[in-house]
Amino acid sequence: MLFNEIIYGPIHSRRLGISLGVNLMPTDHKLCSFNCIYCECGFNTPIHAPQLPARLQVKEALESRLLHMKKQNLAPDVITFSGNGEPTMHPEFLGIIQDTCSLRDTWCPSAKVAVLSNSTQLFRQDVVEALRLIDQRILKLDSAVNETMRLIDQPVNPQLTVADIVKMLQCFDGDFTLQTCFLKGEHNGKHIDNTTPEELDAWYKVVEHLNPKHIMIYVIDRATPIESLQKIDAAIMQSIADHLRSKGFSVTVSA
Numbered sequence: 045m046l047f048n049e050i051i052y053g054p055i056h057s058r059r060l061g062i063s064l065g066v067n068l069m070p071t072d073h074k075l076c077s078f079n080c081i082y083c084e085c086g087f088n089t090p091i092h093a094p095q096l097p098a099r100l101q102v103k104e105a106l107e108s109r110l111l112h113m114k115k116q117n118l119a120p121d122v123i124t125f126s127g128n129g130e131p132t133m134h135p136e137f138l139g140i141i142q143d144t145c146s147l148r149d150t151w152c153p154s155a156k157v158a159v160l161s162n163s164t165q166l167f168r169q170d171v172v173e174a175l176r177l178i179d180q181r182i183l184k185l186d187s188a189v190n191e192t193m194r195l196i197d198q199p200v201n202p203q204l205t206v207a208d209i210v211k212m213l214q215c216f217d218g219d220f221t222l223q224t225c226f227l228k229g230e231h232n233g234k235h236i237d238n239t240t241p242e243e244l245d246a247w248y249k250v251v252e253h254l255n256p257k258h259i260m261i262y263v264i265d266r267a268t269p270i271e272s273l274q275k276i277d278a279a280i281m282q283s284i285a286d287h288l289r290s291k292g293f294s295v296t297v298s299a
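So the sequence shown is residues 45 to 299, counted in my numbering.
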């Protein structure tokens with residue numbers, strides 16, 4: 045499922061509440077530094093010169109939607125950057141975030157600004173600066189095991205390691221939300237399950253090292269490009285959450 049507009053929704057997010065979405069990627073195909081096997085947007089489409097919305101275009105579209113909602117006495121709980129790929133890949137990401145925070149302050153000051161990111165662009169100082177301006181930095185880590193991370197997330201950079209991601213995440217000193225999708229299935233003849241004891245032990249160690257202020261764990265809830273993927277049982281998800289809470293972590297479970 046692709047989002048065919050720059051601004052979409054508002055929709056009811058099971059993790060964020062009433063969410064007004066912002067899509068900084070093309071409206072007709074996915075563009076991402078990951079190619080996750082569970083992504084509701086499908087797989088990346090190779091495009092030589094993808095067309096991205098300009099900063100002013102995003103600002104005008106967002107202000108128009110916020111004005112429309114205000115006239116209806118509606119307000120989003122959160123303005124969420126997600127869409128058809130990795131939002132932080134946009135070259136004007138910092139300026140767009142600055143505009144968004146200003147518009148939020150003007151039209152819906154109670155709303156939060158959130159970015160769902162796969163963390164791969166945190167080597168860019170402008171991206172880190174932008175993420176420090178917002179309320180909710182929701183950053184992905186689907187496995188602490190390199191082979192599993194590469195099977196699930198299929199990074200465009202095949203040399204990317206879990207250690208690389210962890211090192212970049214450390215720049216926030218725990219002031220972020222860690223997000224993990226738990227799943228199992230098969231892809232390209234290989235079995236995938238990031239809930240095995242070995243997987244969870246490695247993941248728990250990384251979680252304790254990063255010490256995020258909040259953790260979101262969830263299961264697949266929509267159609268995925270790989271049909272063999274299976275939803276993790278709610279009891280397993282609850283067990284993971286219970287373990288994290290016993291260590292003092294704040295956890296949200298969507299199962």
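Just so you know, these hints were derived from the structure itself, not from any lab. Ideal Cβ positions, reconstructed from N, Cα and C, are used throughout, including at glycine. Be aware that a few hints might be false.
As the list claims (entries may be wrong) - Using C-beta positions, here's what the derived DEER-type ranges look like:
(1) F167 to T240: 28 to 34 Å
(2) I62 to E191: 18 to 24 Å
(3) D217 to P90: 35 to 41 Å
(4) T205 to T240: 41 to 47 Å
Stated by the list, open to error - Straight-line C-alpha distance at most 20 Å; calculated SDA-like pairs for lysine to any residue:
(5) K211 to R194
(6) K291 to Y248
(7) K275 to K291
(8) K249 to D237
(9) K234 to K115
(10) K228 to H258
(11) K103 to E136
(12) K115 to R58
(13) K103 to K211
(14) K211 to Y262
(15) K115 to P199
(16) K156 to K228
(17) K275 to S298
(18) K275 to K211
(19) K211 to K249
(20) K228 to Q198
(21) K291 to P199
(22) K103 to R58
(23) K291 to H258
(24) K211 to E191
(25) K211 to T224
(26) K249 to K275
Review point. Tell me, which hint numbers fail for this structure?
Key: 2, 4, 7, 9, 10, 12, 13, 14, 15, 16, 18, 21, 22, 26
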